[in-house]
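S.K.: The chain contents come next:
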Amino acid sequence: MSDKVNLDRRQFLGTASAAIAGFAIAPGLFLYDFANARPTGGAASAGVRWGMLIDSTLCQSSCNDCVSACNKEHDLPAAKSPTDVQWIRKVELKQISTGRQISLPMMCLHCAEPPCVDVCPTQASFKRADGIVLVDKHRCIGCRYCMMACPYKARSFVHEAVLSHDGEMPRGQGTVESCTLCDHRVDRGEQPACVEACAKAGHSAMLFGDLNNPDSEIYRRVRSVASTQLRADLGLNPNISFVGL
Amino acid sequence: MAQIFSQTETRRFYWIVALGLLLALTGMSAAHFMEGHGHVVTGMNNQIVWGIPHVFAIFMIIAASGVLNIAAIGSVFGKAVYKPRAPLAGMLSIALLAGGLFVLMLDLGRPDRVIVAATHFNATSVFAWNLPLYSGLFTLVAIYMWVLLEQRMHGWIKPIGLVVFTWRIMLTTGTGLIFAFLVARQAYGSALLPPLFIVMSFGWGLAVFHVVQSTMYYWNNKIQDPIILRRLKNLMGVFIIATLFLVAVYHLTNLYFAKQAAFEHFILLDGGIYPELFWAGYVVLGSLLPLLLIFHPRLGKIRCVVSASMLVILGAFSLLYVLIIGGQAFPLAIFPGYAVNSSFADGQISNYSPSLPEILLGLGGLAIAFLLTSIGVRVLNSLLPNDSITQPKQSTH
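Chains A and B, in that order, give the protein sequences. So the first sequence is numbered by numbering that gives the first Met the number 0: it starts at 0 and just counts up by one. So the second sequence is numbered by numbering that gives the first Met the number 0: it starts at 0 and just counts up by one.
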């Protein structure tokens, strides 16, 4: 009699364990299926190389529309202190030998050989097949080695809690972030927000497109006007270059 | 137990442990505060991204490797008088490495994700290379200590000692490479940095060893052999000179390159706190004064050597502060030939003043090292050998 009871209990425990395990694992399996619906990186094509040509002769010192558009698109707070994030900034230059003044926007230049990707210990910094350099916000441990390695000061560290956020790119305290080249817009076939704002302001100083596509405007422009890659001596081959420097 | 430790020693031990625990817990609370509020409560910002915690951490990691020299001289190079000191050197190495990593990890923006560093390894990242180097050193030094303390295993001391010695050179090379591989900044990106870090580790490791050994001998009422101390202080003097030499070569090569002249001017002359720390902290107090204390014919006694060692440690902190924080404070040369201005401090010298939480975190790391060493010395009584005092010979100076 007592054996039978024990057997029942064993069966009950076995069934219950299987049911609990099933409940625990099943959602994970479903998530796994969803995650595999479109493989990561599937949207980016290695045949494409997104880039930008910034014409500093067209950029106006008084205009800050690219910065405002970026902040709006990504729901970033306007920068007030050295701990605030800045994905794009306006830089005012004065040539020391001639006094010539230049204004231009500066952001992540999406290097073909990005040092931030090389140094990142966790592979959180990565380059998409189409050349866009991003940070996997779920994998970044906040060591800031990429910020030490970037020659363009393109990256910011989130120093405070992000209390509300309405942008496409996840954000969070203690991680590093930078310009995403508005990959969410680009994947929809649109222009980055800064480029759109620049054109809307009537300057059209920022030309965005596929550097590999012979039919694109940027393809023709980089072959017809003298452009400069910043710190070309470092051999990082950035996808964003400048005219008028 | 009562036969080994007197009641006063036992009471003192518990006070030491209590003090160490208090400081370590303060460091942990500071880290918790930083994690809760974000790095906005530190002095770090988007220009100076590595601050005082990195000075503490890198000092401890460099010293953790350097302190193993004592063990290497005994085990690898066969100097018998140093052999009894190898276990203490091993214990100190583990303690300092633990302290350094404690600070480094708790300063991360997301310390809760530290496991990601172990599960997603980037083969091109020096940081990632350093992780197996750190855990390897822990393991190897633990095996080395076992071999040293276990009579049956003494045949293995030399080969294991050699492996530990090779590993620690690789580890310090890795620490130097963290900076040497940074092409972006004027202060770094130099092949001189890994050898400089190795030479620094020799001197700083010995300095830490002197201070700890003297303190532990004093607390445990034991007497050191002055002959051994004399030999070690001469060695430390040689390493201080070697470090000065490499630091001078580093700055001279920079000064020779016109593009680096402005940076050198900043670090050595008009950069405020940085030249002050470099000349007063590192050169005068951290190098020249210790050399005087060590080599002056009328000085060089135990008290002088311990004072010299403490000054070397002060100099080490000064030099690291200049290298790590001064190196970031100077603006990046993104637009050579242009005067630059922006909302993101382009073209400007960046300001940094360490805040209390980050200083407490750094001190917490030192407390961890202190705590582990104190407990190690207490538990493994043979870490402090009873020196058979040899009479100093007239000619050996």
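Simulated from the structure, these hints should not be mistaken for laboratory data. We treat Cβ as the ideally placed atom computed from N, Cα and C, and that holds for glycine. It cannot be assumed that every hint is accurate.
[Said to hold, decoys possible] If you want the footprint, here are the derived chain B segments under chain A, 3+ residues with CB under 8 Å:
1. 103 to 109
2. 112 to 119
3. 190 to 204
4. 231 to 242
S.K.: Determine for every hint whether it applies to the structure shown.
M.R.: We went through each hint and held it up to the structure:
1. Counting residues of the region 103 to 109 of chain B whose CB lies closer than 8 Å to any CB of chain A gives 3, which reaches the minimum of 3, so the coverage claim holds.
2. Counting residues of the region 112 to 119 of chain B whose beta-carbon sits less than 8 Å from any beta-carbon of chain A gives 5, enough to reach three: the coverage restraint holds.
3. With a threshold of 8 Å between beta carbons, the proposed coverage of the region 190 to 204 of chain B by chain A is violated, since 0 of its residues qualify and at least three are required.
4. With a cut-off of 8 Å between beta carbons, the region 231 to 242 of chain B has 0 residues touching chain A; three or more are needed, and the interface restraint is violated.
In terms of the numbered hints stated before, the structure departs from hints 3 and 4, listed from lowest to highest.
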